[in-house]
Amino acid sequence: MTPTVTETDGGIVVTGTGYRLEVHGEQPRAVLRDAEGTVWTELSLLAGLDLVGGRDESYDLAPARVVERTDRAVELVVESTSSLWERKVVSVRCTEGEVEVWAAVSGRRTDTGATPRLAEVTMLGGRAVLPNGAGGTFRSAIRFASLFSPTPTEPVHVVRPSTAGSSLGVVGDAEPGRLHGIFSPPPLCWALGDRLAEDATDVPAGRWWGLSVRAAVDELTMTAVRYAPLDGGFLLRLDYEGHTVIGDGFRTPALVLRPAATPWQALADYRDDLVAHGLAPSPPAPGPDWWGEPIFCGWGAQCARIAALRVEPAGAADGLIGAATAATAAHLARQDVYDEFLAILDKGGLDPGTIVIDDRWQAAYGTGDVDLDHWPDLRGWIAERHAEGRKVLLWWKAWDPQGLPVEECVTDPLGRPVAVDVANPAYRDRLRRIVAGLLGPDGLDADGFKVDFTQRSPSGESLRGAEGPWGIAALHTLLATMSEAAKAAKPDALMVTHTPHPSFGDVCDMVRLNDVLERDNAGDPVHVVEQLRFRFGVADSSLPGHLVDTDQWPMPDRASWRAYVEAQATLGPLAVPALYYLESIDGSGEELTGDDLGLVASSWAAYRAARRPA
81 MTPTVTETDG
91 GIVVTGTGYR
101 LEVHGEQPRA
111 VLRDAEGTVW
121 TELSLLAGLD
131 LVGGRDESYD
141 LAPARVVERT
151 DRAVELVVES
161 TSSLWERKVV
171 SVRCTEGEVE
181 VWAAVSGRRT
191 DTGATPRLAE
201 VTMLGGRAVL
211 PNGAGGTFRS
221 AIRFASLFSP
231 TPTEPVHVVR
241 PSTAGSSLGV
251 VGDAEPGRLH
261 GIFSPPPLCW
271 ALGDRLAEDA
281 TDVPAGRWWG
291 LSVRAAVDEL
301 TMTAVRYAPL
311 DGGFLLRLDY
321 EGHTVIGDGF
331 RTPALVLRPA
341 ATPWQALADY
351 RDDLVAHGLA
361 PSPPAPGPDW
371 WGEPIFCGWG
381 AQCARIAALR
391 VEPAGAADGL
401 IGAATAATAA
411 HLARQDVYDE
421 FLAILDKGGL
431 DPGTIVIDDR
441 WQAAYGTGDV
451 DLDHWPDLRG
461 WIAERHAEGR
471 KVLLWWKAWD
481 PQGLPVEECV
491 TDPLGRPVAV
501 DVANPAYRDR
511 LRRIVAGLLG
521 PDGLDADGFK
531 VDFTQRSPSG
541 ESLRGAEGPW
551 GIAALHTLLA
561 TMSEAAKAAK
571 PDALMVTHTP
581 HPSFGDVCDM
591 VRLNDVLERD
601 NAGDPVHVVE
611 QLRFRFGVAD
621 SSLPGHLVDT
631 DQWPMPDRAS
641 WRAYVEAQAT
651 LGPLAVPALY
661 YLESIDGSGE
671 ELTGDDLGLV
681 ASSWAAYRAA
691 RRPA
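Residue numbers for the sequence shown follow my numbering, beginning at 81 and rising by one.
Note that these hints are calculated values from the structure, not bench results. Please note that a few of the clues may not be correct.
[Claimed, not checked] Cβ pair distances, simulated, as ranges:
id, residue 1, residue 2, range
1, G177, D253, 33 to 41 Å
2, T118, A602, 24 to 32 Å
3, W370, S542, 41 to 49 Å
4, A341, T195, 44 to 52 Å
5, S163, T118, 46 to 54 Å
6, A388, G245, 36 to 44 Å
7, V119, E176, 18 to 26 Å
Think of the CB as a built atom: it goes at the ideal place given N, C-alpha and C, for glycine as much as any other residue.
Let the sequences and hints guide you as you build the complete structure.
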């Protein structure tokens, strides 16, 4: 169906399947209604493209006008000039089922001779002086009740009020307001809802709209896309941080609005949209059988041993485990300790197909050199696992520059390395050699990687490195370099990452659900199984056909851990069960019994039975 267009003195009305867009005749605004006539938002048709050292402010805005009509779409534009650009155009393209918005600029108003570097982009709003004299920052109207965010956060709040902000990107940690890097990057897609949630993981019924970012992955040079609400209005902020050079012109990623029955459909539609536009790979063919075998990861067992020693200092941060436990646990990534773990697995009748050697087997994170004091014969140990019919993955800390020459690093203003520099060909060559040595038959002969800390992507306008990709695009370059080298060294190598963005499907074989979080906005505990189901839903909707490492750390107590073990086997054949605990639970200190390990054995048996062809 072709959207219909009606032009009147009051403006332009475009009607598609499931929506009606009423564009104001004089002001840069458009009311978006659903099929029932309910207003969801009044879109601001402004945008801002700030440069380092220069803020963009629009003026001399022309009324919206139709520039193209075809049998498939209608395109409108709002043109303006600004303090930075000779010409700026915000385009709105309406097809049968969606509304697409983007901005483009050309012609710098003042050429200072400095390389033009993009600092921040605002969309669906920005700074302007309107024809009626109103000035300042303008935003789109919030007429929806709630916002579904596809990335786990602390506090846990899957569907939050529409007045709460949300950040999707590749920067985060455990500091306040930054624990949104559990998925990095998540799908760049929110869902706008007409009902509030009842609790932290509730996804209510009702009507929904998807709001997503459409662009090629190498154009995603921002570190984050943020939904920024204020006083009944919102706009989106794209953080480029001065590391994207603008030539004669620049076009922003497109924002796409479309109705959806549920947030899960919004994510699936987003993924299908990227595939249809050639911006994400199609679902993968089934991988080797061993990829789907249950996983034992030593990290939880390492933490539990340290927690049992009560090494936490007085006043340690409240949480499932403290920083001292995590830091000290890394010292238990040792050959003798992992031999003890294997003996416990054998005694408990557990036969994981894959063993993950976690943080940290390396002498230095950046070099991949083995710590020979901890692993005197890692190659021989891996060979023994192969003889048992098992595979071995190595935990890899993304971005860490430890041990690398400063010339191959992103540096701060004092010249100190803060991250590896994937824009530097010398580092990428080094990374290829490291991967070949770790997976190749003449090296350790390991079977793949569990890649962690992708949320530690370099971030900061003051940082310096080689010219090249930044933000989300830089992370894709890093993982593509690793993945290509891994497959060259061992064609069935497995790449496990916590990057459920659809465009990362070509550098990720298995999506890891990552660390379990703890509390909601009221400070009450959020059950671990509810978090598991939400995260699996995001991964399964965004990367259908990909295996999912269901993770299992940290756990608050034995009862929660048992519930998590049972739930892992109920999510389907793509949800690979992972075991982190063998002796005790780090969060509570409770010891595990033979009955507990028997529960794992029966859960794995049910999972394996479900994977077998009928």
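Results of checking the hints against the structure:
Checked against the hint of 33 to 41 Å, the pair G177 and D253 passes, with Cβ atoms roughly 39 Å apart. A hinted range of 24 to 32 Å holds for the C-beta pair T118 and A602, which are about 30 Å apart. Range check, W370 to S542: Cβ separation about 45 Å, and the 41 to 49 Å hint holds. A341 and T195 have their C-beta atoms about 46 Å apart, which keeps the hinted 44 to 52 Å range intact.
A hinted range of 46 to 54 Å for the beta carbons of S163 and T118 is inconsistent with their spacing of about 37 Å. Taking 36 to 44 Å as the suggested C-beta distance range, the pair A388 and G245 conforms, at roughly 39 Å. Against the hinted window of 18 to 26 Å, the Cβ-Cβ separation of V119 and E176 comes to about 21 Å, which satisfies the hint.
The structure does not agree with numbered hint 5 stated previously, though it agrees with all others.
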